[in-house]
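If you read the protein sequences in the order shown, they are chains A and B. Residue 86 in the working numbering sits at position 86 of the first sequence, and the numbers go up by one each step. Residue 1131 in the working numbering sits at position 131 of the second sequence, and the numbers go up by one each step.
Please keep in mind that the hints were generated in silico from the structure rather than gathered at the bench. A portion of the hints provided could be inaccurate.
Claimed, not checked - Heads up, simulated DMTMM-like pairs for lysine to aspartate or glutamate below, C-alpha to C-alpha not over 25 Å straight-line: (1) B/K1087 - A/E40; (2) A/K73 - B/D1265; (3) B/K1171 - A/E71; (4) B/K1110 - B/E1100; (5) A/K20 - B/D1084; (6) A/K116 - B/D1020; (7) A/K107 - B/E1210; (8) A/K39 - B/E1210; (9) A/K20 - B/D1265; (10) B/K1087 - A/D88; (11) B/K1167 - A/E18; (12) A/K116 - B/E1168; (13) A/K107 - B/E1266; (14) A/K20 - B/D1020; (15) A/K73 - B/E1266; (16) A/K107 - B/E1255; (17) B/K1167 - A/D19; (18) A/K39 - B/E1255; (19) A/K20 - B/E1168; (20) A/K73 - B/D1020.
Stated by the list, open to error - Listed next, with one range per pair, are the computed distances between beta-carbon atoms: (21) A/P69 - B/L1188: 27 to 33 Å; (22) B/A1176 - A/P69: 33 to 39 Å; (23) A/Y117 - B/F1195: 40 to 46 Å; (24) B/W1203 - A/P69: 42 to 48 Å; (25) A/F61 - B/H1018: 38 to 44 Å; (26) A/H68 - B/A1177: 49 to 55 Å; (27) B/I1125 - A/H75: 45 to 51 Å; (28) B/N1010 - A/E82: 19 to 25 Å.
By construction, the Cβ of each residue, glycine as well, lies at the ideal position given by its N, Cα and C atoms.
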Amino acid sequence: MDVDQEKPSYIALLEVPEDKIEIVPGASADLTSMTFSIKEEDHTLGNALRWCIMQNPQVDFCGYSIPHPSEAKTHIRIQTTESTNAIDTMNKGLDDLKAACHMVRSKFHQRLTEGKYTRSEQ
Amino acid sequence: MAGGHVNDPNGPRIRIRHLDENTIDFVLSNTHLSVANSLRRTMIAEVPTMAIDLVEFHDNTSMLVDEFLAHRLGMVPLTSHTVDEFKLTRDCTCTDYCKECSVEFNLHVKCTEEGTRTVYSSELISTNKDVVPVTEEGDGGKGIILLKLRKGQEINIHCIAKKGVAKEHAKWSPCAAVGFEYDPHNNLRHLDYWFEKSVKNEWPLSKNAEEEIENDPDAPFDFKAEPTTFYFNVETVGSLKPQNLVYMATRVLQEKLGGLQLALDEDQNPESNANMDDAEPWV
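Put together the whole structure using the sequences plus the hints.
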C-alpha cells in the first residue's frame, strides 16, 4: 500500500448521518453552555476531544460522559465565557485535535522514511 | 496555533525504535494521555480489515459442526492492504453482497487416503488476488490449520469475506496486541503495586525504564505532573503492515473528527436541513 501523505481534503466528501451530532435540549439562550450528543462514538473520541476543548482558555468547563453503556452515544458538555459560544469552541476543539492527529501522522512518516530504527530478520 | 498542538508549538513527537514484518515499537511523546489512548484504541478497534463473515456449507462430514467451523473461519486473518477499495456492506447498493463490498472464498476437500488429511487456511481459494489468507515463512506458507479429515470425510464450503471494524467483532481487529506503557518508574503513582516484601524485586522494570529517570523517593510529590511519553509496541495479526496500521489509525481519527465538523455545520445551518420549521431547536 502506498504511504498516503495526502492532505485529508476528501473529508468534505465523507457521508455523515444527519443526526451524528445533536444539541441536547436545555442549552442557554446565549449558546455559551451546551451539551452535544454524538452518536456511535465512545472514549476513543470523547476523552481526547474533551482534553482538546479544555486547552482553550475561553472554556470554563468541558466534560464528557457515556450516559448508558448499551447506547452508543457520547455526551460532551461545554461551558464557555461570553466572548465565544459552545459551537465555535467545539469546532475549534475538533480542528485542534485533527491537527494533532495530522502531526502524529507526519512525524511518524518522517521517522519511518529516516529509517533510524532496528529491524530483525527472521 | 502552529503545528496544531494546543500546548506546544512543536507538537507531538515520534521515535520509531524497532520495526519488522509484524511488529512496530515506537515512542510517542509531547502529547496528552488521552490522545495517545485514542491512537491505541483506534488501532485496536476502528481500523477496518477484511474477514470472513458468511459461510455457506454445501457439505460438511468432518468432525467439527458447521457453526464451530464458521466461527473458526471468521478468525482467519486475510491480507487487507486493499481494504480501502471496498465498501462496508451497509453502505453498498447491493442487496446481499457483491464484489465492491466482499470477496468470496471456496474450499472443497475430500480425504480419500488412509490417515489424516489436514486442511490449511491457504487452501481457501479466493476470488480476489489481493485478499487471501495470511501465511508466514514460519508456517511453511500453509497458514492456519482449519480442520482435519479422515478417510471418506469431506468439506465443501463457500465463504464471503466483508469489510468491518473490531468494534463490531474482534475478528476484524488488525492487532494481536498493543503494548502501551507510560511512566515506567511509577513516578506519578498512577499504580499501586501489590507486593510481599519489596516492590523493587517483585516488579522488575521494563526496558522503557532506561529512557526515563526515577524521581528521588524523598522529594515532595508533584501532584501536577502529567505523563508525556508513551511507549507503544504494536503487534499485528498479519492483515496489515504495522506501519500502515499506524497511518490508517491516524487517518480514521482525522476522518472521525472531520465528519463531526460536517455534521456540526449542518446543525448550524438549518437551511440545509430538511426540517426548517424550528430554526433553533436546542434553545
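Going through the hints against the structure:
no., hint, in the structure
1, B/K1087 - A/E40, "19 Å, holds"
2, A/K73 - B/D1265, "19 Å, holds"
3, B/K1171 - A/E71, "22 Å, holds"
4, B/K1110 - B/E1100, "32 Å, violated"
5, A/K20 - B/D1084, "22 Å, holds"
6, A/K116 - B/D1020, "13 Å, holds"
7, A/K107 - B/E1210, "23 Å, holds"
8, A/K39 - B/E1210, "42 Å, violated"
9, A/K20 - B/D1265, "11 Å, holds"
10, B/K1087 - A/D88, "33 Å, violated"
11, B/K1167 - A/E18, "22 Å, holds"
12, A/K116 - B/E1168, "37 Å, violated"
13, A/K107 - B/E1266, "33 Å, violated"
14, A/K20 - B/D1020, "39 Å, violated"
15, A/K73 - B/E1266, "19 Å, holds"
16, A/K107 - B/E1255, "18 Å, holds"
17, B/K1167 - A/D19, "20 Å, holds"
18, A/K39 - B/E1255, "15 Å, holds"
19, A/K20 - B/E1168, "18 Å, holds"
20, A/K73 - B/D1020, "38 Å, violated"
21, A/P69 - B/L1188: 27 to 33 Å, "28 Å, holds"
22, B/A1176 - A/P69: 33 to 39 Å, "26 Å, violated"
23, A/Y117 - B/F1195: 40 to 46 Å, "35 Å, violated"
24, B/W1203 - A/P69: 42 to 48 Å, "32 Å, violated"
25, A/F61 - B/H1018: 38 to 44 Å, "42 Å, holds"
26, A/H68 - B/A1177: 49 to 55 Å, "30 Å, violated"
27, B/I1125 - A/H75: 45 to 51 Å, "48 Å, holds"
28, B/N1010 - A/E82: 19 to 25 Å, "33 Å, violated"
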